[in-house]
Each structure stands twice: as structure tokens, then as C-alpha cells.
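Under the UniProt record's numbering, the very last position in the sequence shown is 863; numbers go up by exactly one each time.
Just so you know, these hints were derived from the structure itself, not from any lab. Certain hints may be false.
[What the hints assert, rightly or not] Below 30 angstroms or equal to it, Euclidean Cα-Cα: the simulated DSSO-like pairs (lysine-lysine) are:
no.	residue 1	residue 2
1	K135	K676
2	K174	K216
3	K632	K183
[To be verified] If you anchor each label on the Cβ, the simulated ranges turn out as follows:
no.	residue 1	residue 2	range
4	A627	G716	29 to 35 angstroms
5	G248	E293	42 to 48 angstroms
6	K132	A627	23 to 29 angstroms
7	P534	T325	50 to 56 angstroms
Note that this is a predicted model, so its numbers are computed, not measured. Note that CB positions come from ideal geometry on N, CA and C, so glycine has one too.
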Amino acid sequence: MVIARTHSVRRETAVAHHHADEAPGYDVARIQEKWQAVWDELQPFNTSDPDDPRPRKYVLDMFPYPSGDLHMGHAEAYALGDVIARYWRQQGFNVLHPIGWDSFGLPAENAAIKRGIDPRPWTYDNIAQQRKSMKQYAASFDWDRVLHTSDPEYYKWNQWLFLKLYEKGLAYRKASWVNWCPKDQTVLANEQVVDGACERCGTIVVKKKLTQWYFKITDYADRLLDDLNQLEGFWPSKVLAMQRNWIGRSMGADVDFAIEGRAEPVSVFTTRPDTLFGATFMVVAPDSELAAELVAGADAEVAAQFAAYLADVQKNTEIERQDATREKTGVFLGRYAVNPVNGERVPIWSADYVLADYGHGAIMAVPAHDQRDLDFARTFGLPVRVVVDTNAPITGAIPVVVDGEVPDELPPLDPAGTGIALVGDGRMINSGPLDGLSKTNAIARMIEILEAGGTGRAAKNFRLRDWLISRQRYWGTPIPIIHAENGDLIPLSEDQLPLELPSAEGLDLSPRGTSPLGGDEEWMSVTNPIDGSPARRDPDTMDTFVDSSWYFLRFLDPHDDARAFDPAEAERWAPVDQYVGGVTHAILHLLYARFITKVLYDLGYVTFTEPFSALLNQGMVLMDGSAMSKSKGNLVRLSDQIDEHGVDAIRLTMAFAGPPEDDIDWADVAPHASAKFLARAWRLAHDVTSAPEVEWKSGDAALRRVTHQFLADAPGLIEAFKFNVVVARIMELVNATRKAIDSGPGGADAAVREAAETVALGLSLFSPYTAEEMWETLGYPPSVALYGWRKADPTLLVAESVTCVVQVDGKLRDRLDVSPRISPEALEAQVRALPSVARTVGDRAIISVIVRAPRLVNVVTAH
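Use the sequences and the hints to build the structure in full.
Written as C-alpha cells, this is what we have:
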């Protein structure tokens with residue numbers, strides 16, 4: 001899209017700027033100030049016109065938390081996301097690229113406690129600062145669609161969503177063991193526990209039993225797992241693997257064990273029902289309700305031992321409990337179960353390596369064929385029975401090999417003596433009707449036996465647990481439920497939303513184990529709408545993952561008072577075509593957004609089942625190999641870098657540093673070099689003396705080939721996220737244009753104008769200030785971002801030579817003009833012979849030479 005303007009005006013502009021000595025210098029601060037004002041007036045990225053005929057794209061960056069000003073991580077994320085948004089506009093799309101703030105949460109509350117203030121001003125002051133910095137950073141956001149999750153107009157719809165899930169039976173309360181931070185005095189999601197400690201304050205996390213609100217995400221476990229197949233090739237394979245592992249579907253059977261002295265059997269999930277004849281004891285999680293019930297029927301000594309053991313277990317995290325190398329501990333509960341296939345009495349133990357929320361909180365222990373069970377059995381002298389002959393031949397099985405040979409005598413089946421469980425496949429033994437069967441056939445036959453006897457059935461289990469959304473904090477979305485005196489739960493009606501947070505004035509926000517909202521009697525005390533009796537509000541607030549689970553839909557119209565989002569607008573824009581953000585949110589945030597999308601699909605609000613069609617994860621920005629922090633003394637401030645080098649140089653450096661998913665060490669990059677390059681590019685526009693309507697075909701053919709090869713190659717490189725390669729190609733084009741100016745007819749050559757305009761188009765993806773300044777100098781109205789990508793002339797795509805970038809240890813050291821058909825061997829030989837390479841390598845050994853003929857060679861040396 002080009003804003004119409006007469007040729008005479010363009011020519012006048014071009015003539016006014018065609019002499020470099022008549023133009024102002026490349027003044028970064030002046031250029032930034034100038035174009036910020038222009039963009040504020042033009043609003044070039046507004047998407048509010050419903051009659052815009054262009055096809056649509058939705059590009060979304062994970063929105064920031066307002067804890068201070070933007071940092072270097074933001075600088076990378078928003079530079080990369082903006083490349084994609086700007087690219088699709090150049091390709092003729094109407095691109096929705098919104099921004100907002102994930103403004104509820106613990107950091108604001110902790111800051112308010114520390115300063116003795118309400119979290120609101122701290123939060124919104126930070127938002128104002130970040131917004132100002134965002135605008136300076138020139139990301140192409142639609143500033144009419146801004147949202148803040150701490151605004152009542154946003155969290156009203158969190159509450160609406162909660163009520164929809166409650167109506168559908170997907171929101172419920174239960175008492176369970178949760179991750180508890182003793183310092184912050186709040187529940188933590190599993191993702192917020194890092195190495196057994198609270199990710200915010202570093203305090204060791206403990207287990208605590210609380211009655212909490214949950215979303216029943218496990219009802220969607222199969223769909224969440226199976227629908228990942230839709231995202232193959234569009235999401236990073238690492239993220240897909242992390243999602244699959246987190247959901248963790250296991251196929252097997254539920255086996256019912258009768259418990260002596262208990263009317264109801266206990267159901268145990270196992271993936272190996274074929275080994276049931278080898279089950280010699282049962283293990284129950286110490287923090288499960290079943291363990292408490294069984295101990296209640298035991299003698300006083302057992303009860304006392306169990307109580308002491310449970311107290312010790314609660315000091316350990318789930319990660320520690322699952323450590324296979326730990327010494328096994330446990331306590332006998334004085335009770336027995338009955339093995340349903342052979343009638344044997346098996347003792348029931350409690351041990352911390354079994355978790356309360358796995359399966360049914362109890363396992364059948366088959367020590368001969370499970371290492372953890374074997375370690376436990378050997379520790380406490382429990383029987384070990386082999387039921388799988390792992391030495392028996394199986395069709396297609398890999399033979400046992402010892403020291404490279406198949407031994408004449410195979411190792412004995414003696415896990416009790418060797419201490420090594422027999423975990424391989426084989427033929428069933430000591431298993432009655434299963435003897436001689438392979439694993440697959442034995443599992444199928446055992447399930448038939450269990451179902452025929454009414455003692456078991458085929459089943460599946462998931463590692464995934466229901467989503468715990470309760471938080472004992474003030475700064476979050478209030479839960480729209482009233483608690484009646486008789487224990488009934490009464491949901492608010494939609495016309496009562498939003499249920500707003502009361503003022504923090506007079507509230508004690510400091511952690512004390514219960515929500516601060518419970519201390520506001522006026523807010524907590526309500527009337528039961530059914531019978532007029534006294535009632536109480538729910539004092540907890542929602543997990544902030546609720547806020548971010550559907551925000552991409554609210555961006556479609558963040559100011560709609562009548563509904564969370566318009567389904568018609570969702571049909572027009574959603575799902576998100578390209579999502580950009582850090583891999584730190586690869587599990588829970590993405591999982592919860594996928595869950596909520598599927599719920600909304602089932603409720604008829606959207607017509608798609610996945611929220612984000614494609615995902616790009618950017619790496620971290622480090623300093624000297626470590627994450628930046630004040631305590632390490634390696635903190636680099638984005639504002640300082642911008643003051644020193646300019647926004648465009650920072651953005652270009654981020655894109656040029658390497659593949660987006662790789663980490664960037666700021667100590668190894670050169671924003672000052674980016675600034676120098678941008679000045680060279682800017683100067684090209686001032687050297688052009690031809691008019692905008694000049695006939696390009698009359699220009700230098702060699703330069704035109706370089707220009708059109710770039711026009712042809714850049715779209716594919718951008719869509720493959722090879723932003724660094726595109727920047728390198730722009731650098732090649734700038735060099736070729738400068739060479740043509742200095743050695744040919746100068747700025748009057750039509751090919752020089754065509755190349756300079758193409759440089760401006762390319763730079764508009766990465767360095768918008770410089771690109772706009774060049775575009776104006778070349779005689780065009782703003783904005784270059786809306787001009788559109790030019791098509792390459794296919795007759796110019798047969799190159800006579802190309803420029804090869806020469807690097808030593810990843811840093812640019814030289815360039816070579818070579819044949820596009822040069823062999824890797826010949827190219828490596830030329831590079832090794834370069835004096836610039838020899839000087840840089842010095843006396844260091846060359847470890848390898850990476851050749852990507854004809855455009856890149858990287859010499860890797862020993863440091």
C-alpha cells in the first residue's frame with residue numbers, strides 16, 4: 001500500500017536530498033524523535049477498518065510483565081516478532097499485531113509489601129514506562145488494542161470464563177496436597193518450583209493440604225495430546241516433546257486389590273498387568289487419603305511410626321522423592337492386600353517414591369522387574385519373584401551381548417542377588433496361564449482374565465494433573481463464588497460481574513497463609529441471594545495463568561463491554577498465525593491456552609481447537625555466558641544501549657546475532673558495528689540523484705542482479721526465521737551499491753536507485769527509523785512499512801558472482817566475490833589463503849571450517 005503522491009513532489013524531495021553534503025548527518029536521536037511523532041500521527045499499523053480488503057494475519061508476542069522497564073530479553077523478543085509482522089504487511093496482509101500487559105501477579109504484590117503501598121500505582125507506573133519504551137523501540141503494534149489484565153474490564157471476563165467452566169463441571173474445589181512457599185505464603189504451580197525451591201524467592205517448597213479451586217484439564221488430556229499432531233512442523237519439536245511428556249499418557253490396566261478389613265477394594269494402575277503374578281507387596285503414597293485411612297485401622301505403634309514418617313516426607317519436594325538414586329525409605333502399615341490372580345496376601349507399605357496424585361496413589365510392586373521396587377524390596381527384605389524370562393528368545397529381539405559377544409551361558413535371572421531389575425522383554429514364566437507368552441500378548445491376555453473375573457479392566461493414566469488456580473494473594477482476579485453457611489457454593493450471575501478487588505488500603509498484604517482479601521470484612525460479608533442468610537465471598541484469587549490463557553482473543557476487541565470477544569471477530573482473525581515468545585513458557589502457559597481454546601470450542605464460541613498455529617521460541621540474552629543480574633554484576637540496561645547505539649542498531653544486532661532460538665551473549669556482539677553499517681546504508685539514499693520514476697532497466701546489470709536475487713531470496717529466508725542471513729544479504733547489497741556509486745556513473749544510475757530503495761524495504765523489517773528516513777529521502781511518503789515487497793525479475797536471477805561472507809569464530813572478517821557454482825573445497829581453499837584470515841587465526845589451531853558454499857565460510861579455532 002502506497003499513499004498517493006505526485007511525481008513532482010517526489011522529484012522535489014529527491015532533488016532536495018540528493019547531495020550528501022546538503023543532507024543532515026545520520027543523527028540517531030533526531031531520526032528517532034522525528035519518526036515517533038510521524039507514526040503517532042499516521043497510526044500506520046491500526047487494524048480497526050472492518051472494510052480493509054487485504055487478507056489477514058495475526059502475529060502475537062507473549063505479553064510482558066510490568067516489573068520495571070524493558071530489558072535486553074524484551075529487546076530480542078520484540079525485535080524478532082516485529083520482523084514477522086512487518087514482513088507479512090509487505091506481503092500484502094492486514095496484520096494484527098497487538099500488545100498488552102500481564103499485570104496481575106506476585107511480583108507486584110511483593111513490591112507493594114516491601115514499599116508499603118497499593119500494588120496498583122507500582123503496576124501502572126511500570127506499564128507507563130514500558131509503554132513509552134515500547135514506542136521508542138518502534139515495534140509495529142496496533143496501539144488501539146492495548147489491554148492490562150489487572151483492569152476490571154479485562155478480569156471481568158476471567159470471571160465469566162470461570163463461571164462457564166463451573167457450569168460445565170470443569171471448575172471444582174477439593175482438598176489436596178499443594179506446593180507451598182513458606183516465605184511467600186502461597187500456593188505454587190509445578191512450573192513455579194525450580195529445583196525444589198520457589199522460583200521467586202528461592203525458599204524450599206513444602207507440601208501443604210488445602211481446599212483449593214481446580215480446572216478439570218484432565219478431562220481434555222487425550223485431546224491435548226492427540227491434537228499436538230496438528231502442530232508438527234509448525235511448533236518447535238522440543239516444545240511438542242515437552243508438552244507430550246507433561247501430559248504423559250500411559251496405557252495399561254486398573255487392577256482391584258481386596259484389602260483385608262476394608263469393604264471396598266483398592267484400584268491400582270499399572271502399565272504392566274502381565275507381571276501381576278510377580279507382585280509381592282503394595283506401596284501407598286504416604287500423603288494419600290488411602291494411607292491415612294489404612295493407618296487409622298492399625299495399632300498405635302504403626303500409627304506413630306507412620307505419623308513421624310509422613311512429617312519427614314512433607315519436607316521433601318516431588319523432584320527429590322522421584323530421585324531414583326536416593327536411599328529407599330518407608331513404613332509397614334500393618335495391613336495386607338490380596339493379589340487378585342493368585343490369592344496371595346501381600347503386605348502394604350507406605351513409601352515416598354509413590355506420589356499421591358499418580359494413578360490412584362498406590363502401586364503394585366513387582367521388584368524383579370522394576371528397579372525402584374527392587375531397591376525397596378532389598379532394603380526391607382521383601383520377596384522378589386521373577387515372572388519374565390528376559391533370556392528367552394523373542395522374534396525380532398536383540399540378543400544379549402557381553403563384551404561384544406553372545407555368551408554360551410546367559411546371565412542368571414537373579415535380581416535379588418544382583419540388585420539389577422530385569423526390565424527387558426522376554427517370555428512369561430511363573431505366571432500360570434500366561435507362561436510362554438510375549439509381553440504384548442501377555443498384557444492382552446491378563447486384561448481379559450481381569451475383566452472376566454471382575455477384578456480389573458483396561459485403563460490409561462496421565463501424568464497431567466488438574467489445574468490448580470487458587471492463590472492466597474490479593475493482586476489477582478477475585479473468584480466469583482459465594483459460600484453459604486451450609487457449605488453450598490453459589491456462583492455470581494453474569495450481571496454481577498466484574499466482582500472488583502477492594503482497595504488495598506487498610507489491608508495487610510503480607511504473607512500469612514490465607515488470602516489478604518479475607519481480612520476485608522466489608523468485602524467478604526455478603527447476603528446469600530437464595531435465602532437472604534449471611535454468606536461469605538471466596539477469599540482467594542485466580543492464578544495469573546488464567547489471565548494469559550485466552551488473552552489472544554481479548555485483543556480482537558479489548559474494549560468490548562458486552563462480551564469477552566466477538567465470535568465473528570475470532571472467525572476473521574484467529575487462531576494466531578504466529579506466536580513468539582520464550583521457551584520458559586513451553587509447558588503450562590501453552591497447555592492452559594490450548595485447554596481453554598478447546599473448552600471455548602466445545603461451548604461454541606470458536607471454530608478452531610488450537611490457539612497458536614505456529615510458534616517461534618527465541619533464546620536468552622546473556623552477558624559473559626551467564627544470565628544478566630545485578631548480583632552478578634553483568635547487567636546490561638537496554639536504555640543505556642539505546643542511548644549509546646540507537647534503537648535500530650540494537651534491533652539489527654538482535655536479528656544478526658544468530659538463529660532466533662539460540663542464546664545471544666551480548667559480550668560477543670557489536671551494536672556499534674550495526675550503527676556504522678546503518679549510517680552507510682542511510683548515506684546511499686542521499687547519494688541517489690535519479691528521480692523515483694526512472695526506468696530501472698537502463699541501470700547497471702550486475703547491481704540489478706544482486707538487487708533482484710535479494711528480492712527473490714528474502715521472503716523464503718524470513719519465513720524460515722533466518723533473519724541473520726537476511727541481514728547479511730542486506731549488507732551485501734549495501735556494499736554492492738556503494739561499489740557501483742564509487743566506480744560507475746554514481747548516484748545517477750537507475751540501478752543505484754533501485755538498490756537503495758530495496759535496501760530501505762529490507763531494513764524496514766529490522767531498523768524502521770533508518771528505513772523511513774531513507775524512504776523519505778528517496779522521494780516517497782511514509783510509511784515504507786506499508787509499501788509492499790517488490791517482485792524479483794526472473795531474468796536477473798542468474799548470478800555471475802555472489803558475495804561470500806568470511807567469518808572466524810562466528811565474527812565477520814572478510815568478504816569474497818565468488819562464482820555461484822564454486823565447490824566447497826575450492827571455496828575453503830580461497831578462504832584459508834586470505835591474509836585477513838591468517839592474521840585473525842594467528843597461532844591458534846583451526847578445529848574445523850564450516851562451508852556453506854557459495855555464501856558463507858566460518859573458520860573455527862581453538863581458544
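* **Hint check against the structure, violated hint numbers in rising order** => 5
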